[in-house]
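Trainee: The listed protein sequences correspond, in order, to chains A, B, C and D.
Take any residue in the first sequence, note its place counting from 1, add 80, and you have its number in the numbering used here.
Take any residue in the second sequence, note its place counting from 1, add 80, and you have its number in the numbering used here.
Take any residue in the third sequence, note its place counting from 1, add 80, and you have its number in the numbering used here.
Take any residue in the fourth sequence, note its place counting from 1, add 80, and you have its number in the numbering used here.
Just so you know, not all the hints are guaranteed correct.
Remember, identical chains collapse to one label, so a pair may be satisfied in a single copy or spanning two.
Listed below are the simulated DSS-like cross-link pairs for lysine-lysine, each with C-alpha atoms no more than 27 Å apart in a straight line [as the list claims (entries may be wrong)]:
#1 Lys372 - Lys98
#2 Lys209 - Lys235
#3 Lys191 - Lys98
#4 Lys367 - Lys98
#5 Lys170 - Lys98
#6 Lys187 - Lys112
#7 Lys171 - Lys104
#8 Lys104 - Lys357
#9 Lys357 - Lys372
Since the hints were derived computationally from the structure, they do not count as laboratory data.
This structure is a prediction, so every number in the text was calculated from the model and none was measured.
Protein chains: 4
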Amino acid sequence: MDNKFPGKDISDSDLKDKFPLAAKKFTNHYSKFKVCGIEFGGKKIPVMAGPNMVENLSMIRKTATSVKKSGASFLRGGAYKPLTFPYRSKKYFETREEGVHWLSIVKKEIKIPVITEILDVRDIDHVCKVTDIIQIGSRNMQNYPLLTECAKTMKPIMIKRHYGASLRDWLGAAEYVLFEGNKKVMLCERGVSVTHTHRSTSRFLLDLQVVPAIKEISHLPVIVDPSHATFWRPWVKDMTLASIASGADGIMLEVHPDPENSAVDPLQPISFRSFSKLMNQMKKVAKSIGRKI
Amino acid sequence: MDNKFPGKDISDSDLKDKFPLAAKKFTNHYSKFKVCGIEFGGKKIPVMAGPNMVENLSMIRKTATSVKKSGASFLRGGAYKPLTFPYRSKKYFETREEGVHWLSIVKKEIKIPVITEILDVRDIDHVCKVTDIIQIGSRNMQNYPLLTECAKTMKPIMIKRHYGASLRDWLGAAEYVLFEGNKKVMLCERGVSVTHTHRSTSRFLLDLQVVPAIKEISHLPVIVDPSHATFWRPWVKDMTLASIASGADGIMLEVHPDPENSAVDPLQPISFRSFSKLMNQMKKVAKSIGRKI
Amino acid sequence: MDNKFPGKDISDSDLKDKFPLAAKKFTNHYSKFKVCGIEFGGKKIPVMAGPNMVENLSMIRKTATSVKKSGASFLRGGAYKPLTFPYRSKKYFETREEGVHWLSIVKKEIKIPVITEILDVRDIDHVCKVTDIIQIGSRNMQNYPLLTECAKTMKPIMIKRHYGASLRDWLGAAEYVLFEGNKKVMLCERGVSVTHTHRSTSRFLLDLQVVPAIKEISHLPVIVDPSHATFWRPWVKDMTLASIASGADGIMLEVHPDPENSAVDPLQPISFRSFSKLMNQMKKVAKSIGRKI
Amino acid sequence: MDNKFPGKDISDSDLKDKFPLAAKKFTNHYSKFKVCGIEFGGKKIPVMAGPNMVENLSMIRKTATSVKKSGASFLRGGAYKPLTFPYRSKKYFETREEGVHWLSIVKKEIKIPVITEILDVRDIDHVCKVTDIIQIGSRNMQNYPLLTECAKTMKPIMIKRHYGASLRDWLGAAEYVLFEGNKKVMLCERGVSVTHTHRSTSRFLLDLQVVPAIKEISHLPVIVDPSHATFWRPWVKDMTLASIASGADGIMLEVHPDPENSAVDPLQPISFRSFSKLMNQMKKVAKSIGRKI
Chain A
81 MDNKFPGKDI SDSDLKDKFP LAAKKFTNHY SKFKVCGIEF GGKKIPVMAG
131 PNMVENLSMI RKTATSVKKS GASFLRGGAY KPLTFPYRSK KYFETREEGV
181 HWLSIVKKEI KIPVITEILD VRDIDHVCKV TDIIQIGSRN MQNYPLLTEC
231 AKTMKPIMIK RHYGASLRDW LGAAEYVLFE GNKKVMLCER GVSVTHTHRS
281 TSRFLLDLQV VPAIKEISHL PVIVDPSHAT FWRPWVKDMT LASIASGADG
331 IMLEVHPDPE NSAVDPLQPI SFRSFSKLMN QMKKVAKSIG RKI
Chain B
81 MDNKFPGKDI SDSDLKDKFP LAAKKFTNHY SKFKVCGIEF GGKKIPVMAG
131 PNMVENLSMI RKTATSVKKS GASFLRGGAY KPLTFPYRSK KYFETREEGV
181 HWLSIVKKEI KIPVITEILD VRDIDHVCKV TDIIQIGSRN MQNYPLLTEC
231 AKTMKPIMIK RHYGASLRDW LGAAEYVLFE GNKKVMLCER GVSVTHTHRS
281 TSRFLLDLQV VPAIKEISHL PVIVDPSHAT FWRPWVKDMT LASIASGADG
331 IMLEVHPDPE NSAVDPLQPI SFRSFSKLMN QMKKVAKSIG RKI
Chain C
81 MDNKFPGKDI SDSDLKDKFP LAAKKFTNHY SKFKVCGIEF GGKKIPVMAG
131 PNMVENLSMI RKTATSVKKS GASFLRGGAY KPLTFPYRSK KYFETREEGV
181 HWLSIVKKEI KIPVITEILD VRDIDHVCKV TDIIQIGSRN MQNYPLLTEC
231 AKTMKPIMIK RHYGASLRDW LGAAEYVLFE GNKKVMLCER GVSVTHTHRS
281 TSRFLLDLQV VPAIKEISHL PVIVDPSHAT FWRPWVKDMT LASIASGADG
331 IMLEVHPDPE NSAVDPLQPI SFRSFSKLMN QMKKVAKSIG RKI
Chain D
81 MDNKFPGKDI SDSDLKDKFP LAAKKFTNHY SKFKVCGIEF GGKKIPVMAG
131 PNMVENLSMI RKTATSVKKS GASFLRGGAY KPLTFPYRSK KYFETREEGV
181 HWLSIVKKEI KIPVITEILD VRDIDHVCKV TDIIQIGSRN MQNYPLLTEC
231 AKTMKPIMIK RHYGASLRDW LGAAEYVLFE GNKKVMLCER GVSVTHTHRS
281 TSRFLLDLQV VPAIKEISHL PVIVDPSHAT FWRPWVKDMT LASIASGADG
331 IMLEVHPDPE NSAVDPLQPI SFRSFSKLMN QMKKVAKSIG RKI
């Protein structure tokens, strides 16, 4: 049947030769693994929530407290961010070592596991003392030395898809991590750079079709991040519920105590209140397809 | 807030000047209208199901009987199809007048309303004697004389989005119909021509983000057709459930008595049995978001 | 060699079964044919120039005089235009029958052949009394009844590529014309809907790579229209010269007596003076690759 | 005028605030600088030629000799390559330190300056002893620590555009280098990930429109690499000539002693003989637009 489709980009021999570790071995072979006691790839759909940037101790403490209360399993928050321009201002900055330190304080205080991004091999040791999952950002999806060095830590790794990357490229990145013997790999869809909707240009289109595409050929859990894809607060709810219905194994959401004054991308985070409400809606949709939040 | 986003393709003045009829007048202004007693734009999500092509009387009769039993509100089926190449064969053809005739027989027998495509102004009279909704196919979305002439019949019209069209282009097409005083207009998303997934090239990516995008600026009901978008049977279920969760006001699905031997696009239709099962899943997801099938 | 490339969208059997008439029969098989004494597909590269819209008799007369003097082989100008929205104003309109009439006057007076668009089968007879080449616009590339009826007139036909169409779709459209026994078919590239440059959203990217792609598999002449692709006057010159260097067999350009006040798309036409200067530059580039304007 | 275009992704204030260093200061402000005595940004268009991978000493020596004789200004060749999958074989590998060593030998012997890629901050010292220009590959265009560390060496830097990157993203990368006080920055277009042509899926479309787009807002020289964009030997010639006609300030080409047996991407390199012939054609096209090779 497959041979009838002319434009197939991943062949059966690719699955054997290029992605032997990322490819599914047989029907219904899906990876399950636990991070801080929370299972990925199972019936439950973990939620990772928090700000784009760990701006200061107070805001990350408030956020951690609130999202945990609403049912999030992980606190997300960047201390290192690949910002598009080199200029920093009061409203546009990274908190780096300080941000990681604040995450460590909050993690202990609030007792919530943490996911944060690493974008430089020289930060691995330092950040790995705190983070429970390493996030590889879209812009570093094809930074192979970074993938390899992060893999060697044996920490769980979530690889965000580059917005210009095919599934082939993305699985190639996962294969680099698996190749080092690190089996705790998650893929995270966050929108592709195509602009047919009415907010456009440098922005993204959430590719939910890639969820069943991955499930067809790979055993890796798939997370979806609707915040970065939509880049627009009012659409986050609908895309989150759609992500769950599409079969996503996890959800990453941007939540901020004062969304409109977020240091980075203020059009996309949702408030504590919206997040709490959305968690309830997510639970219902998850239940309707036989899963749970 | 809007002004902060540089790449916005539809401005506030566009809404007034270019889409005065398609644009929402105020918050929560959404069109509702009935076709053969079935409401569009309301709480209920009508399902349109059937084959890509009305191949013969027997197959369309079987399909109508089966999809009605499973809960479909409309029978879909093309007699006129914009086929990419001019060559017809035993396996690749249109049934034209005959197909429309078979639809008329089945419609009476099984008592199920019908939606079928018109692609030539010279066929309007003839097809409108049978069809309850006129389908404008993707490839004719910008065929403005066709839109105008179809609009004048005052039949309900469903406009499929061209796979290369922005929301701006698409709403322009809807405005042509509304301009003639025909208010029963539906939009139907069926995938855009972007190929980052692993089946690609001449194929499509389902844009569910466009559902909340439309709801933000327009009052028109949005239908989603996951069959044409995915072009791949195994992904139809997940994308259908995701469409409902995204806020779609209707679902169009390709269902065929013998999917693998469908005359056109045999990789995409689902069987009667799969459809029946999927209807049950759709009902659960619809219920979880406060709607129903 | 071909088999090594996984994502090939047009197979060798497609060339035989789907495009038997559009496909090249053997190496260096390229169609040549004359329109009003001007050869397409040969060493010479005909230039078609004029306004997007035939706005009035005076402007089209001036334009015809000027572009002929500068060396254009054909006068282009639309009387029927597929406008994105149904609203007409002083600045945004079609001139329809009147426009065609003005073209007929100018054609005789200035003695320059004409190319104009047809977008409705009901206009074929009328427009064909005047036009020397029928233009099928991008938005009607997949309007197969229109292609078939236009083909039957045996007039030369130029098919503009839809901005979302693959080469496969486009050659399918050409095959419809060839299938009617009409061999005078030209393809015209005018930009695809992808927006990585800094003017974007509803706008286009000129695909010059498609020129050698067509030459690899088809014998049909390829025209390039840089005006619609760039949608931006300052880029037209560079893209025109690049089109010639890429191997284009013809150039279509928008030229207007008062570009900034053009009725449609005022950002793209160039002035008489710019056109005259560009013709000289085009001649030099054409000569450098062994062709001529 | 600008304000009339709704989807403009780079605003005038962006030019001041986000790209103060990459933006043009006034009309006709273009950077010129010399590398090993060869000027970039001037009338002359330097050509960089060589294999994708420095496979062994013999092949790089032969290539350097041949491309220099044909008129290339720089030898290109990768020792470090971001390969999509972690598996190395006889036909798919990197030569790393050894490759850099071979480049150093050939550079002295043949007296030709060298450009090679760096993809890991830990390789900067080592590679900079040999290379005359640092190449930042597409996949590392947004690896900001790498950009910053490479910038600090004050070596000239050529930044290849990521195939999913907008001009905005790309200029952001250049700004990181300029921000460190390193003014010798070149941009290199090598195709965007859009697939409307007949070889597709994981492959690219050469965006020549971006050449005048860059010249409109930035003073940086623009190089074009048609080999990676087309990924297909037979199209390289036409796209190279088109690149020159579009206004490119430099050309990068893949040339290999035995193209069909190239270790990486064997479908794209051209032979010594084809390169020599192409150089003559390039000279003619360059001359026709008032430049030279």
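Trainee: For each hint, tell me whether it holds in the structure or not.
Mentor: Checked hints:
In this assembly of identical chains, the alpha carbons of Lys372 and Lys98 never lie at most 27 Å apart, being 34 Å within a copy and 44 Å across copies at closest. Taking CA atoms no more than 27 Å apart as the test, Lys209 paired with Lys235 passes inside one copy only; the shortest distance there is 10 Å, against 35 Å between copies. Taking identical chains as interchangeable, the C-alpha atoms of Lys191 and Lys98 are never at most 27 Å apart, the minima being 40 Å within one chain and 39 Å between chains. In this assembly of identical chains, Lys367 and Lys98 lie within 27 Å of each other by CA distance neither inside one copy nor across copies; the values are 36 Å within and 43 Å between.
Taking the closest pair of Cα atoms, Lys170 and Lys98 come within 27 Å of each other only across two copies (15 Å); inside a single copy the shortest separation is 45 Å, beyond that limit. Proximity of Lys187 and Lys112 under a CA criterion of 27 Å is satisfied intra-copy only: 24 Å inside one chain copy versus 49 Å between copies. When the C-alpha separation of Lys171 and Lys104 is checked against a cutoff of 27 Å, the pair qualifies only between copies, where the shortest distance is 26 Å, while the shortest distance within a copy is 44 Å. In the homo-oligomer, the alpha carbons of Lys104 and Lys357 lie at most 27 Å apart only across protomers (26 Å), although the nearest pairing inside one protomer, at 36 Å, exceeds that limit.
For the homomeric pair Lys357 and Lys372, the shortest alpha-carbon distances inside one copy (16 Å) and between copies (21 Å) are both at most 27 Å.
The structure fails to meet hints 1, 3, 4 from the earlier list, while all remaining hints are met.
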